[in-house]
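Chains as they are written, first to last, in the working numbering: chain A, 1 to 540; chain B, 1 to 267.
Since the hints were derived computationally from the structure, they do not count as laboratory data. Take the hints with a grain of salt, since some may be wrong.
Where chain B lies over chain A, by a calculated footprint (3+ residues, C-beta under 8 angstroms) [claimed, not checked]:
no.: 1; region: 253-262
no.: 2; region: 378-387
Some but not every residue of chain A turned toward chain B, in silico, with C-beta under 7 angstroms [stated by the list, open to error]:
no.: 3; residue: Glu243
no.: 4; residue: Asp246
no.: 5; residue: Val307
no.: 6; residue: Ser369
no.: 7; residue: Ser441
C-beta: ideal position from N, C-alpha, C; glycine also.
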Amino acid sequence: MTRRSLLALAACLVSSHAYAQMGGELHFCLRSEPKTFNPLLVSEEGGETIRYLTGGVLIRVNRSSQELQPELAVSWKILEGGRKIALVLRPGVTFSDGTPFSSEDVAYTMRALMDPDLHSPTGDTFRSGPGSLDVKVSDPYHLTITFPAPVPGMERLFDQVAIVSAHSPHKEAAFLGPFCMAEYKAGSYVLLRRNPHYWKRDNAGRPLPYLDSVRLDIQNNRDLEMLRFRRGQLHLINNLDPELFDQLAAEIPSSVHDAGASLDSEFLWFNQVPSSPLPAYKKVWFRSQAFRRAVSEAINRDDLCRVVYRGHASPAAGPASPANQFWFRAGLKPHAFDPQGALHRLEHEGFRLDGAVLRDREGHPVEFSVITNAGNKPRERMAVMIQQDLGKIGVRLNVVTLDFPSLIDRISRSFDYEACLLGFLNDDMDPNSQMNVWLSSASSHQWNPNQKSPETEWEAKIDRLMKAQASVSDPHKRKASFDEVQEIVWDEAPFLYLVYKNSLSAVSAMVQNAHPAGLRPQTYWNVERLSLVSEVARSR
Amino acid sequence: MKTLRQFVWGILILVFSASLLAGLLAPTPYAQQFRDSTNAGPSRRFPLGTDELGRDRLSRLLYGSRVSLLLAPAAALLATFIAALVGGVAGYLGGWRERLIVRSIDLFLSLPWLFLLITVRALLPLNVSPVASVTITFALLGLLGWAGPARVVRTGVRSLTSSDFVLQARACGCRGSRLLLMHVLPNLKPILQAQFWISVPVFILAEANLGLLGLGVAEPLPSWGNLLRGLENYGAVRSNPWTLAPVVLLVIVMGSLQLVFPGEDYS
């Protein structure tokens with residue numbers, strides 16, 4: 001055997017060993033303190049991270065393929081038009097404290113989740129009608145759950161339901177996920193240790209997870225997070241800012257990952273609330289479809305993506321981003337940048353360009369303000385760019401940054417604003433989770449919330465379509481209804497969708513098997529298969 | 001010391017002149033975005049490079065200096081005027097009325113001014129031009145920044161009203177406003193001057209702090225506050241050191257003001 005082939009064999013041995021190396025502690029940051037460790041009450045990012053790492057779920061949405069995959073439920077069947085689900089559970093699974101897992105635990109979890117007194121945000125997503133839940137346990141591995149009304153996309157909702165133990169003496173210390181809680185120091189860190197009873201095994205039959213522990217440092221400062229990543233003290237960064245992403249790309253190109261469009265979008269809307277304290281002529285502008293479309297066509301979305309997001313974003317057309325593979329309406333294109341076309345549209349509506357100032361039919365100069373939350377640099381920059389774009393068609397835009405509570409007060413209580421630039425952070429791909437945005441009676445129907453009855457025909461049509469998609473279980477029928485909603489929204493432009501942000505993350509070279517995805521949690525969605533190689537092994 | 005002061009005066013005059021002549025000296029309009037030249041380094045076209053939206057940094061620095069250097073003294077003047085009024089009345093009246101006013105000043109000083117400023121700003125009308133917004137920001141700073149100087153003025157007036165020359169004036173029959181205007185106020189001038197010059201850098205820094213929070217001067221108008229926001233990203237500053245120009249100018253101007261108008265001479 002030659003020296004070269006010996007070296008190659010050694011390299012193969014090292015790499016195969018590194019691929020499945022057991023042990024080690026994965027480090028990354030939580031950007032906020034977890035508000036609760038109760039998986040049924042989680043409502044924010046910190047808590048969701050802990051739930052994802054420690055909770056065992058019946059059905060998991062694969063973050064890479066977006067397909068449903070069996071976890072604690074080996075199979076399931078949706079019955080009675082989406083009202084009922086029959087589950088077959090995985091046998092031989094135990095909680096981290098050794099208590100066996102059975103149908104009783106699922107029944108206990110679902111009853112607790114749907115208890116109106118608990119006010120569980122996860123439970124609310126299953127609540128589609130009045131009445132109570134009925135759970136029938138046939139044997140330790142078979143049960144059926146019947147909801148009072150059909151729950152569209154029900155199986156996907158189980159991705160958020162971490163099963164808790166019905167019989168463990170210490171319920172809060174019994175976990176079915178890959179890790180269990182070990183230590184928590186408020187304001188400092190959360191330490192999770194390997195669940196010795198975790199049920200998954202790798203292809204070679206070795207128990208998962210490969211890691212011994214995960215340490216989550218509670219750290220809100222992005223610069224410090226970057227510094228610690230550069231020093232090798234952190235292994236992962238999720239949701240990187242484009243600016244920091246490019247800096248890191250210049251320093252350690254192999255560490256950064258742009259997984260393409262995320263589910264998050266940024267958009268602008270006009271205040272169309274009839275009772276808002278705005279001058280009557282401005283209400284007329286904002287309620288005019290032609291005005292909204294003209295403003296939309298005067299915005300250069302390509303520049304927003306290129307300048308503000310440094311190319312890590314794409315022009316947006318509607319509520320579902322391309323990352324949402326099933327619900328995305330591929331035929332819709334973003335409103336084309338066409339200032340001349342925008343001016344023609346406005347002229348048809350009675351506006352006229354007087355020198356460099358656009359005036360309406362009654363001679364009022366077209367000037368309005370856009371509010372956004374202070375401290376969000378991409379939004380502030382987008383607003384300033386839109387200011388210049390609209391200046392070209394004679395519209396004067398005033399950019400106002402407000403602290404978040406003041407902004408929320410204006411858009412949801414006093415309605416004392418003209419336009420607002422904000423974004424959606426989407427976790428759920430199903431349009432059902434957006435019912436509170438699209439229904440005209442909903443409180444988050446931002447341009448004109450809480451309507452007693454739809455004030456426009458197109459809003460009435462959206463109401464009908466959203467209710468229709470929620471009342472059937474056939475995904476293709478639902479998709480047809482939601483496609484129509486997306487077309488109406490594109491045409492009427494109550495929200496001027498600006499950009500879909502890309503999913504940017506960083507993964508240390510010490511982490512093996514990481515495949516960052518567009519959906520949250522981007523980098524550690526397959527945490528049980530992540531492993532760490534030591535510096536020594538890496539340097540070989 | 002005299003030479004140093006002359007040198008420092010020279011620097012201040014230079015900076016003030018450059019900011020006043022921004023319209024002539026700035027290579028491009030401060031708001032114009034050159035979107036194909038974002039984050040550019042220094043060049044003949046853009047001597048201090050461009051910012052993240054492709055705006056010329058030198059033009060923005062010149063106009064931003066004008067905003068901060070003109071409006072901070074205006075706010076300081078307003079604060080000093082209110083301080084003179086409140087502190088003067090308290091010191092002159094004495095007794096329970098003085099105690100009441102002093103307690104009110106203490107109460108005002110105990111307010112978290114930053115949050116107060118944020119709240120007041122949030123209540124203002126939204127549709128104001130950037131120029132109006134900057135004026136409002138500094139007016140608010142002036143209206144909220146009088147309490148500290150008022151205490152100093154009150155102490156000064158107390159000391160003056162019990163001085164020998166005021167006693168002599170009283171003995172000669174001088175009373176009320178004549179005593180205040182002819183004898184107390186002229187002797188209060190050094191204190192008021194000191195308070196004014198102390199307030200100027202305080203307000204410049206306060207606007208800079210508000211700008212860092214994104215609550216200062218409205219875009220696209222530049223000020224030192226919103227120019228400093230570009231320095232939040234340490235990594236970017238390290239690779240583009242010319243972005244430190246606003247900090248360098250701020251330090252030079254603040255240091256110069258302290259050297260030219262040393263507050264400890266009066267307070």
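Which earlier hints turn out false for this structure, listed by number in ascending order? Failing hints, ascending: 1, 4 and 7.
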